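For chain A, the structure is supplied; the task is to place chain B on it using the hints.
If you read the sequences in order, they're chains A and B. For the first sequence, our numbering begins at 481 and goes up steadily by one. For the second sequence, our numbering begins at 481 and goes up steadily by one.
Misleading hints may appear alongside valid ones.
Stated by the list, open to error - A partial selection of chain B residues facing chain A, derived with a Cβ cut-off under 7 Å:
id : residue
1  : 494
2  : 566
3  : 658
4  : 693
5  : 700
6  : 708
These aren't lab readings, by the way, just hints derived from the structure by calculation. All values derive from a computational prediction rather than experimental measurement. Just so you know, even glycine gets a beta-carbon here, dropped at the ideal spot from N, CA and C.
Number of protein chains: 2
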Amino acid sequence: MPERDARIGVVGATGAVGTVTLRLLRERGYTNVRAFASGRSAGRELDDGIVVEEATPDALAAGDLDVALFSVGTSASRELVPHAVRGGAVAVDKSAAYRLTPGVPLVVPEVNGERALEHEGIVANPNCCTIPLTCVLKPLHDAAGLRRVRVSTYQSVSGAGAQRMETLLAEPQAEHDLSMDWAWEGDETDEEAKLRAETRKILELPELPISATTVRVPVLVGHAEAVWLETERPLAPEEAVQLLGAAPSVRVVDVPTPRASTQTDDVLVGRIRPDRAAENGLVLFLACDNLNKGAALNAIQIAELLLARQRVAA
Amino acid sequence: MPERDARIGVVGATGAVGTVTLRLLRERGYTNVRAFASGRSAGRELDDGIVVEEATPDALAAGDLDVALFSVGTSASRELVPHAVRGGAVAVDKSAAYRLTPGVPLVVPEVNGERALEHEGIVANPNCCTIPLTCVLKPLHDAAGLRRVRVSTYQSVSGAGAQRMETLLAEPQAEHDLSMDWAWEGDETDEEAKLRAETRKILELPELPISATTVRVPVLVGHAEAVWLETERPLAPEEAVQLLGAAPSVRVVDVPTPRASTQTDDVLVGRIRPDRAAENGLVLFLACDNLNKGAALNAIQIAELLLARQRVAA
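Chain A with its partners taken away, still in its complex shape (with noise of 0.2 Å):
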């Protein structure tokens, strides 16, 4: 596999998901691997041996990486993404900076794949809800017609970053809470909206009716959502669990949890059943480790899908 030696930069390496992205990288062999992040971080050696550099827009741009994957936060995305794609690398972004930019891919491998190769050098890596719900949304979409979907979301708190976890650990449990920690755009956080507008994006369906509640619960890791459905066509639960079964990355359990989550790369779904409050409507529950599939691990297959189709120069 020759895209092994990709040169491959990590943006935001000692953040949460900056973390799992070097572990990842080093499980999957690559062996030219370089990590950025703010000068308060530069020069720091990491456990496994590489040293920070600090991302500076002249460091980016030097031309000397085939893939950059950022995992800052939006401004920083903003600021210092078309610098790594002025020096000849494909960005692939985590943040929202370029999520709903026309003309830029939102990318889930699993469900809109092909979408990556018409890159312009940004890819950007959707929120860490919308990538498990648009896994599990696809093949039901494509088997019945989607109507309408309702999520609430159960949030673990390494989705606001490596401080949040801190703070949850320092914190005496009985003053642990639920929370909205997010900005608001209206009536909605900007996570509800955000839910909305990719998941959209993803699958292409423009006007798909979408209503979601994202809360905060004082988990560390994996994200969890309750999710109603309504197809155009029937589909019955056991048939939706065949699909479900044989869709990538995505595995039919009883009972999806955040810490099984956190041991394996598939989205977990279950309690597939009727809904009892709709005609042709679907009730799932799922769950997704954030910082892997929801994050780090997306944004490595998108780089990987591109490495494969040679859409980058290594």
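Same frame as chain A, now just chain B:
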């Protein structure tokens, strides 16, 4: 208020809900309260000086109680409640034993308090998720007619009893997880089946389509619920806010959380917005102290309603 002299027995007095029941009765000025529990706890002196008596059939049937507030398991309620009734007490039972029994009123005082007056010895107290849900649904139903309800829950471990609280406190944070720790009825948890059947009985809408996913979260006290509802007639979010703001025991806030709910007797409701996935649809989020209004307080309010109307001997 003469009913403060009522002879009240608290059965299951050492459990999570029983402990709150005794505290609330003390705060409300009741002077004639006795505590009953299993033989294991009999003889123990509680903080307020009350000595726990064993909850034997004979003790409960002795005829010296006006009201018996039961917070024991369903099978213990089935065994013991009839003895209290035989002794002349009105039993307010917090277990699932009698909730769906024809002829036994299932009561949330703010929603269907008048039904309590029809009792023949037993009044059932609903499930800790049903109580806040019906407090919120009732004024909306009266105004616009409920057509359909979907709920996903975020239930704290105290709903599973005092021992589960200890387990959570002893467990390392990194092991905290979601769970669905209920018995199963076909493809549903029995909690999901209860939420539907009890909501229908209380609202007197026996056919109301209602679909629930119940989830335990690693929070000590306070249950939350994400709710989607559809109405027969259009109901603007502003109108719903106004109706809920005027509803008894309901308080409209921006973002209800379990921790905030433990500092109040009210059901907190917020995030009231249109359901972008349905016509005549609303989405909202609620939180309620499952040990207080979700259990102990509601049962005491039932007892007070009966005492005020002289439907018990006192």
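Tested hints:
no. : hint : verdict
1   : 494  : 20 Å, violated
2   : 566  : 39 Å, violated
3   : 658  : 5 Å, holds
4   : 693  : 4 Å, holds
5   : 700  : 6 Å, holds
6   : 708  : 6 Å, holds
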